[in-house]
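Now for the letters of each chain:
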Amino acid sequence: MTSGIELQRCPACAKVWAFPRRRCPACGGEPERFEASGRATLFAATVVTRAPDETFRALVPYRIALADLEEGPRIMAHLSAEAEIGAPLRGRVEEIAGRPIPLFKPA
Amino acid sequence: MSASFVRAATVTPFGRIEGSSTLSLMGDAAQAALDAAGMERGEIDGLICGYATTHPHLMLSTVFAEDFGIRPAYAHAVQLGGGTGAAMLMVADMAIRSGEARNVLVVAGENRLTGMSRDAAVQTLAQVGHPVGEAPLGATIPAYYALGAARYLHETGATEADLAELAVLMRRHAGETPGAHLGEAISVADVLASKPIATPLKLMDCCPISDGGGAVILSAEPGPGPALKLIGAAQAHTHQHLSEAPDDLALGARISSARALERAGRSIADMGYLAVYDSFSVTLALLLEALGVSAPGRAGQDAAAGRFARGGPLPLNTHGGLLSYGHCGVAGAMAHMAEAWAQMTGRAGARAIAGEPAHAIYHGDGGVLSSHVTLVMERLS
Numbered sequence: 001m002t003s004g005i006e007l008q009r010c011p012a013c014a015k016v017w018a019f020p021r022r023r024c025p026a027c028g029g030e031p032e033r034f035e036a037s038g039r040a041t042l043f044a045a046t047v048v049t050r051a052p053d054e055t056f057r058a059l060v061p062y063r064i065a066l067a068d069l070e071e072g073p074r075i076m077a078h079l080s081a082e083a084e085i086g087a088p089l090r091g092r093v094e095e096i097a098g099r100p101i102p103l104f105k106p107a
Numbered sequence: 108m109s110a111s112f113v114r115a116a117t118v119t120p121f122g123r124i125e126g127s128s129t130l131s132l133m134g135d136a137a138q139a140a141l142d143a144a145g146m147e148r149g150e151i152d153g154l155i156c157g158y159a160t161t162h163p164h165l166m167l168s169t170v171f172a173e174d175f176g177i178r179p180a181y182a183h184a185v186q187l188g189g190g191t192g193a194a195m196l197m198v199a200d201m202a203i204r205s206g207e208a209r210n211v212l213v214v215a216g217e218n219r220l221t222g223m224s225r226d227a228a229v230q231t232l233a234q235v236g237h238p239v240g241e242a243p244l245g246a247t248i249p250a251y252y253a254l255g256a257a258r259y260l261h262e263t264g265a266t267e268a269d270l271a272e273l274a275v276l277m278r279r280h281a282g283e284t285p286g287a288h289l290g291e292a293i294s295v296a297d298v299l300a301s302k303p304i305a306t307p308l309k310l311m312d313c314c315p316i317s318d319g320g321g322a323v324i325l326s327a328e329p330g331p332g333p334a335l336k337l338i339g340a341a342q343a344h345t346h347q348h349l350s351e352a353p354d355d356l357a358l359g360a361r362i363s364s365a366r367a368l369e370r371a372g373r374s375i376a377d378m379g380y381l382a383v384y385d386s387f388s389v390t391l392a393l394l395l396e397a398l399g400v401s402a403p404g405r406a407g408q409d410a411a412a413g414r415f416a417r418g419g420p421l422p423l424n425t426h427g428g429l430l431s432y433g434h435c436g437v438a439g440a441m442a443h444m445a446e447a448w449a450q451m452t453g454r455a456g457a458r459a460i461a462g463e464p465a466h467a468i469y470h471g472d473g474g475v476l477s478s479h480v481t482l483v484m485e486r487l488s
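Going line by line, the protein sequences match chains A and B.
Anchor point for the first sequence: position 99 equals 99 in my numbering, and the numbering is continuous, going up by one each time.
Just add 107 to the spot in the second sequence (first one is 1) and you have my numbering.
No wet-lab data here; the hints were simulated from the structure.
Note that beta-carbon positions come from the ideal geometry of N, C-alpha and C, so glycine has one too.
Errors might be hidden in some of the hints.
[What the hints assert, rightly or not] Have a look at the derived ranges for each label pair, beta carbon to beta carbon:
id: 1; chain 1: B; residue 1: R454; chain 2: A; residue 2: E84; range: 28 to 38 Å
id: 2; chain 1: A; residue 1: F34; chain 2: B; residue 2: G282; range: 49 to 59 Å
id: 3; chain 1: A; residue 1: T55; chain 2: B; residue 2: A110; range: 48 to 58 Å
id: 4; chain 1: A; residue 1: A87; chain 2: B; residue 2: G282; range: 49 to 59 Å
id: 5; chain 1: B; residue 1: S488; chain 2: A; residue 2: P61; range: 22 to 32 Å
id: 6; chain 1: B; residue 1: G282; chain 2: A; residue 2: S37; range: 45 to 55 Å
id: 7; chain 1: A; residue 1: S37; chain 2: B; residue 2: D354; range: 15 to 25 Å
id: 8; chain 1: B; residue 1: G332; chain 2: A; residue 2: A87; range: 26 to 36 Å
id: 9; chain 1: A; residue 1: E94; chain 2: B; residue 2: Q138; range: 25 to 35 Å
id: 10; chain 1: A; residue 1: A97; chain 2: B; residue 2: G332; range: 51 to 61 Å
id: 11; chain 1: B; residue 1: Q230; chain 2: A; residue 2: F34; range: 25 to 35 Å
id: 12; chain 1: B; residue 1: Q230; chain 2: A; residue 2: E94; range: 44 to 54 Å
id: 13; chain 1: A; residue 1: A87; chain 2: B; residue 2: T266; range: 51 to 61 Å
[As the list claims (entries may be wrong)] If you only want the chain A side, here are some residues facing chain B, beta carbon under 7 Å, derived:
id: 14; residue: T2
id: 15; residue: V16
id: 16; residue: F19
id: 17; residue: R22
id: 18; residue: C24
id: 19; residue: A44
id: 20; residue: V47
id: 21; residue: V48
id: 22; residue: A51
id: 23; residue: P52
id: 24; residue: R57
id: 25; residue: M76
id: 26; residue: I85
id: 27; residue: V93
id: 28; residue: I101
id: 29; residue: L103
With these hints in hand, go ahead and build the complete structure from the sequences.
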């Protein structure tokens, strides 16, 4: 099963990151894309009840998390259920509010 | 070595100001600063302004200069989120010390409450988040800070009630301050029972959205009467987006405050008045601890013990801060400076703090603890 969570890495210096960039932020090298395993640990989570717009108002309350991917980068994602900080997670990109969003579940 | 002095620092009332605009609020604040300094328009030769989400413009500084009636020799705008107020003062200080200007007007204002809908304000501010990896997830500024708060509580063992103490203190101070947006007293229980926004933050952990303006005149001369001298300034920028923030979320505050204090030849223990950015209760806790004022996890308990009260040993944001005096964008954090100037120069009237501290520190933060600016000031009497 693929996660659909796309990362970038720099073949020159081995740095790995999540936000799409044209150049490696460490050495300026040309990055290549690869897919994350979807395995992560929970860094922090919040339950949002005050949504920014009508689309998300229909989904409240929803959980937003910072997930530390096993490849290194920390990404923001949705979280399906309550989990303790440090808990193992599994995640993949799902359609939420009509757009692709990484969704993690307690592993 | 030349130096700069705060000749005046003023704010308009904050809150719902019907009929106000960015330019009217900037102008009201600037006129009040000129009046407080006993200066005329023609003496202003430098102009630094902020930005306004209700009045986006390529050249806000000269739009304001023309409207207000000044022809500065040096002018531009600064954009650094909540850190803008302190950053404007830092660049004004550099302009004065370099000899480029002698009297710099630093001004900002925004009708952020009446000039746009609440949803529009929430969405505009949420764009501080990453356009691909954060904002499209339905995250908001409170959600970003809530993630930081969840982590802070986990790491330090502090409680939501500890955070609430900081909101209660800011409200108590605002209750004594004319022009505050929110002045009605609240308790820790009120904060804990207030509407959930993004756990662990409730409505009363969050600053309101306000209309308001603020202005500071920085000068090469101290002027008549008690004055405030800028003796150290520094910045640090560790990240823009929360996803790429260091594990130590307030690391930038540690770096900028340490550098500003070093440049001033002072330590945090020398500071007798604190002006610290407080967009959320947790922002204030993180910054007080990063500045070395409170031990990790203890900022709320220090507030509860009266340490930061107006009559306490280390008064903090005695106007009520962003949390209760209000938050109108760039000018929101200028109110911290206005209060510091009033308190440090004996102009706070009935709100005066007990002692006459020799030094004050002003710390601003923009983004999600992304951009930090620290100023250290010394009383001259």
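Status of each hint after checking the structure:
1. At about 51 Å, the CB distance of R454 (chain B) to E84 (chain A) disagrees with the hint of 28 to 38 Å.
2. Under the hint 49 to 59 Å, the C-beta atoms of F34 (chain A) and G282 (chain B), about 56 Å apart, fit the expected range.
3. One distance hint, 48 to 58 Å for the beta-carbon pair T55 (chain A) and A110 (chain B), holds here, with the actual separation near 53 Å.
4. Distance hint for A87 (chain A) and G282 (chain B): a CB-CB separation of about 42 Å, inconsistent with the stated range 49 to 59 Å.
5. For the pair S488 (chain B) and P61 (chain A), the beta carbons lie near 54 Å from each other, so the given range of 22 to 32 Å is not met.
6. Under the hint 45 to 55 Å, the C-beta atoms of G282 (chain B) and S37 (chain A), about 54 Å apart, fit the expected range.
7. The supplied range of 15 to 25 Å is met by S37 (chain A) and D354 (chain B), whose beta-carbon atoms lie about 22 Å from each other.
8. At roughly 59 Å, the beta carbons of G332 (chain B) and A87 (chain A) sit outside the given window of 26 to 36 Å.
9. Range check, E94 (chain A) to Q138 (chain B): about 55 Å between beta-carbon atoms, so the 25 to 35 Å window is missed.
10. Taken as a hint, the range 51 to 61 Å holds for the pair A97 (chain A) and G332 (chain B), whose Cβ atoms sit roughly 58 Å apart.
11. Between Q230 (chain B) and F34 (chain A) the Cβ separation comes to about 33 Å, which falls inside the hinted range of 25 to 35 Å.
12. A hinted range of 44 to 54 Å is violated for the C-beta pair Q230 (chain B) and E94 (chain A), which are about 23 Å apart.
13. As the Cβ distance of A87 (chain A) to T266 (chain B) is approximately 21 Å, the hint placing it in 51 to 61 Å is violated.
14. About 19 Å separates the beta-carbon of T2 (chain A) from the nearest beta-carbon of chain B, more than 7 Å, and the hint is not met.
15. With its C-beta approaching chain B no nearer than about 12 Å, V16 (chain A) sits outside the 7 Å limit, and its interface hint is violated.
16. With its C-beta approaching chain B no nearer than about 5 Å, F19 (chain A) sits inside the 7 Å limit, and its interface hint holds.
17. For the restraint placing R22 (chain A) at the interface with chain B, the shortest Cβ-Cβ distance is roughly 13 Å, beyond the 7 Å limit, so the hint is violated.
18. Taking 7 Å as the C-beta cut-off, the interface hint given for C24 (chain A) is violated, the closest approach to chain B being about 14 Å.
19. Below 7 Å, beta-carbon pairs count as interface contacts, and A44 (chain A) has one with chain B at about 4 Å; its hint therefore holds.
20. The beta carbon of V47 (chain A) comes within 4 Å of a beta carbon in chain B, closer than 7 Å, and the hint placing it at the interface holds.
21. Because the closest C-beta pair between V48 (chain A) and chain B is about 5 Å apart, less than 7 Å, the hint holds.
22. Given the 7 Å rule on beta carbons, the hint for A51 (chain A) holds: about 6 Å separates it from the nearest Cβ of chain B.
23. Below 7 Å, beta-carbon pairs count as interface contacts, and P52 (chain A) has one with chain B at about 5 Å; its hint therefore holds.
24. The beta carbon of R57 (chain A) comes no nearer than 9 Å to any beta carbon in chain B, farther than 7 Å, and the hint placing it at the interface is violated.
25. Interface restraint check for M76 (chain A): the shortest CB-CB distance to chain B comes to about 5 Å, inside 7 Å, so the restraint holds.
26. The beta carbon of I85 (chain A) is positioned within 7 Å of a beta carbon in chain B (closest approach about 5 Å), and the interface hint is therefore held.
27. For V93 (chain A), the suggested interface contact is broken, since its CB lies about 12 Å from the closest CB of chain B, more than 7 Å.
28. Given hint, I101 (chain A) at the interface with chain B, holds; its Cβ is 6 Å from that chain's nearest Cβ, closer than 7 Å.
29. Proximity of L103 (chain A) to chain B is violated relative to the hint, the smallest CB-CB distance being about 10 Å (cut-off 7 Å).
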